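Engineer: From first to last, the protein sequence lines are chains A and B.
Using our numbering, read the first sequence as starting at 760 and increasing by one per residue.
Using our numbering, read the second sequence as starting at 760 and increasing by one per residue.
Hints listed in this document are in silico derivations from the structure and should not be mistaken for laboratory results.
This one's a predicted model, so the numbers in the text were calculated from it and none came from an experiment.
Among the hints, erroneous ones may be present.
Identical chains blur together in the list; that is why a pair holds if it fits in one copy or across any two.
[Said to hold, decoys possible] Mimicking SDA-like on lysine to any residue, the simulated pairs with C-alpha atoms at most 25 angstroms apart in a straight line are:
#1 K825 <-> W937
#2 K904 <-> M974
#3 K972 <-> D985
#4 K802 <-> P786
#5 K825 <-> G777
#6 K764 <-> L843
#7 K904 <-> K997
#8 K972 <-> Q886
#9 K972 <-> E789
#10 K972 <-> G788
#11 K764 <-> Q991
#12 K997 <-> D985
#13 K904 <-> A998
#14 K922 <-> G788
#15 K972 <-> P786
#16 K904 <-> I990
#17 K972 <-> M961
#18 K904 <-> D975
#19 K844 <-> K1020
#20 K904 <-> D815
#21 K997 <-> R890
#22 K922 <-> E824
There are 2 protein chains.
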Amino acid sequence: MSETKVYLLDGGTLLVDGFQVFWNRGPGGEVRFPCYSVLIEHKDGRYIFDTGYDHDHVMRVLPFEKPLQTPEQTIPGALAKVGLKPSDIDYVINSHYHFDHCGGNKYLSEACTVCHTKELEACGCPQPFERLGYSDYNFSPDHAKERGIELPSEPELDIYTPKFETVSGDQEIAKGIWLFETPGHTAGHYSLMVELAGRRPMLFTADACYSQKSMDLMCVSGFHLDPTASIQSMERLKALAEKHDAELFYSHDWETFPNYKTGAAYYS
Amino acid sequence: MSETKVYLLDGGTLLVDGFQVFWNRGPGGEVRFPCYSVLIEHKDGRYIFDTGYDHDHVMRVLPFEKPLQTPEQTIPGALAKVGLKPSDIDYVINSHYHFDHCGGNKYLSEACTVCHTKELEACGCPQPFERLGYSDYNFSPDHAKERGIELPSEPELDIYTPKFETVSGDQEIAKGIWLFETPGHTAGHYSLMVELAGRRPMLFTADACYSQKSMDLMCVSGFHLDPTASIQSMERLKALAEKHDAELFYSHDWETFPNYKTGAAYYS
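All chains, please: the whole structure from these sequences, using the hints.
Structural biologist: What follows is the structure, given as C-alpha cells:
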C-alpha cells in the first residue's frame, strides 16, 4: 500500500472587504486572501479537493476582487510543479460551487467529480444574495434568462467533469479520506479530513471557516446562506478536530497560509 | 370617532459601516443613520411602535456606534414636543428587540407592550452573532452568566412595561392598525401598517428593510438571522404596499428620513 500524500496547490489571491471576511465585525478595508486546492495521492487514485478560481472568469464577472494569479497558480501550472498533468486526476471533490472553489474543474478531463447533492441543487437555483459566490450563470441558465442576463456562448466555468456523482451525509469516500457535512456557508458544503501515516490527520475546513481568527472569534464570513447553521458547523469542526486529534487547515487565511507547505513539498 | 394621527418621533442617529447596511455590497466606510419611533393617536388609545435607543446604554455596550441624541430625541423629549408625557402611552409595539428599537420602553410606565411570541423567545436566547443587536444581557441573564459577563445591578434596558402580551401571525390589533410578520432580520419581526382617513396607508417596514435603496437593490442588511427569510419579507412588503396602495417608510434611511414629517407635524 502506497503512502498517502497531501500537496497544497497555491491558487493565487483575491481582494475582499474585511467585513466580508469577519461578518459585521471587520475591521473594514481591503484584505487580500489566498485560495488553494488540496491534492491527495492515494492508493485508490489522485483526488483534488477544490480547484480554485479561473482568472478570466473573475475578471469578467467580479473584477473588483482583483485576482492575482501566476501561470504556476492555475491548476495545470500547480500540478506541473508536482510532476502531474490535469488528466492524471481521477477524482474532484468540490466543497461547494462558489467560483473560487471550482474554477479549475474544467481542466480535469478524466475525472469523476463528487459533491453534496444539496450543493448541486443550490448552485442551479441560488438565493439572490448568493449571486456573487455562484457567479457563473451557466450553472442556472433559466435564472439568467429570467433576469435578462446574456450567457457567454461558451460556458466559462464548466464544473461538469466527464463523470459526476452527488452524495449526502458524512462519507469515507476512500480509506482515510473523509467528507463531513458543514452547511451554512452554502446549502451543501463539505469539509474534508485526510488521515496520514506520519502525522496528525489534516482537517480542511474549506469555507466553513475562513481562518484561525474566524474560529477563535467564532465569526462567520459575510458570505453565507444560513449563519445559524454556519456557527453549528464551526462548532462541529472544532469537535471533529478534537475527536480525531486533527489539525485544522483554513480556506482563506492570509496569516496561516504562509506556514502551509505548497509547491512540491507535501504532507504524509 | 376621532381621526387617527401618526407622528414620527426622531430618535437621533447611530454610526455603522456601509457593509452592515448593505450586506456584502457596501460601499464600506462610516454611515450615520436615523432612528425613530411611530406614535399613533387612535380612538382606542395611544400606540407607540418602537422606542429608539437609550444613549447611556449604547455608550456602555456599543460606544463605537457613536450615538448622537439630543434631549428632544429621547422618548420623553420627543413626546413633549407633541404635548404628551410617557405615562400617556397606552400600548407599545416592538417590531423586535434590537437595542435601537426598545431603548425607550423603560419610560412607558403605564403601557401594555405587544410583540411577536418568537421575538421574546429569541431575545432571551440569541445566536452568538446576534449579540450586537440584542445588546442587553438582562434579556438573557443565564447566557450572560455562562459567558462570565457581569450584569449591571440595575437593568439598563428594561423592555418590560407593566403589561406584556405576545402575539403571532398577522394581526389587526386595532381598527386600521395592522401587524404583518416579516421575519429574517430577527426571528419574530413585525412590520406595521396604519390606515388613515386622509391619505394612503403608511407601511412601516421597521428593520425588515432599512432604506429605499435596500428595497431597490433587494439588499438585506448585514444584521440578520436568516437572509433567505429576509428576502421573502422584503418581497412581502413590496406586495403588501401594492395590495393596500400603501406608502413604505423605512427604518434607517438617511436619504428619505429628511423628507418624513417629524416633531409636532403629523400624518392623518
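Engineer: Should K922 paired with G788 be assigned to within, between, both, or neither, using CA atoms and 25 angstroms as the limit?
Structural biologist: neither (41 angstroms within a copy, 46 angstroms between copies)
Engineer: Could you figure out if K904 and D815 sit no more than 25 angstroms apart (CA to CA) within one copy, between two copies, both or neither?
Structural biologist: This pair counts as within: shortest intra-copy Cα distance 22 angstroms, inter-copy 52 angstroms.
Engineer: First find the shortest C-alpha distance between K997 and R890 inside one copy, then the shortest across copies, and answer within, between, both or neither for a cut-off of 25 angstroms.
Structural biologist: Between copies, since 21 angstroms is at most 25 angstroms while 29 angstroms is not.
Engineer: How would you classify K972 and D985 at a CA-CA limit of 25 angstroms: within, between, both, or neither?
Structural biologist: both (20 angstroms within a copy, 24 angstroms between copies)
Engineer: Using 25 angstroms as the alpha-carbon threshold, which applies to K972 and G788: within, between, both, or neither?
Structural biologist: Close inside one copy (17 angstroms) and across copies (22 angstroms); limit 25 angstroms.
Engineer: Give the relationship of K904 and M974 under a CA distance limit of 25 angstroms: within one copy only, between copies only, both, or neither.
Structural biologist: Between copies, since 22 angstroms is at most 25 angstroms while 39 angstroms is not.
Engineer: From the Cα coordinates, with 25 angstroms as the cut-off, is the pair K764 and L843 best called within, between, both, or neither?
Structural biologist: within (14 angstroms within a copy, 75 angstroms between copies)
Engineer: From the Cα coordinates, with 25 angstroms as the cut-off, is the pair K825 and G777 best called within, between, both, or neither?
Structural biologist: Close inside one copy (15 angstroms) and across copies (20 angstroms); limit 25 angstroms.
Engineer: At most 25 angstroms between alpha carbons: which applies to K904 and I990, within, between, both or neither?
Structural biologist: between (35 angstroms within a copy, 21 angstroms between copies)
Engineer: For K802 vs P786, is the C-alpha pair at or below 25 angstroms within one copy, between two copies, both, or neither?
Structural biologist: neither (45 angstroms within a copy, 49 angstroms between copies)
Engineer: How would you classify K825 and W937 at a CA-CA limit of 25 angstroms: within, between, both, or neither?
Structural biologist: neither (33 angstroms within a copy, 48 angstroms between copies)
Engineer: What label fits K904 with A998 when the C-alpha limit is 25 angstroms: within, between, both, or neither?
Structural biologist: between (43 angstroms within a copy, 23 angstroms between copies)
Checked against the numbered hints given earlier, the structure breaks hints 1, 4, 11, 14 and 22 and satisfies all the rest.
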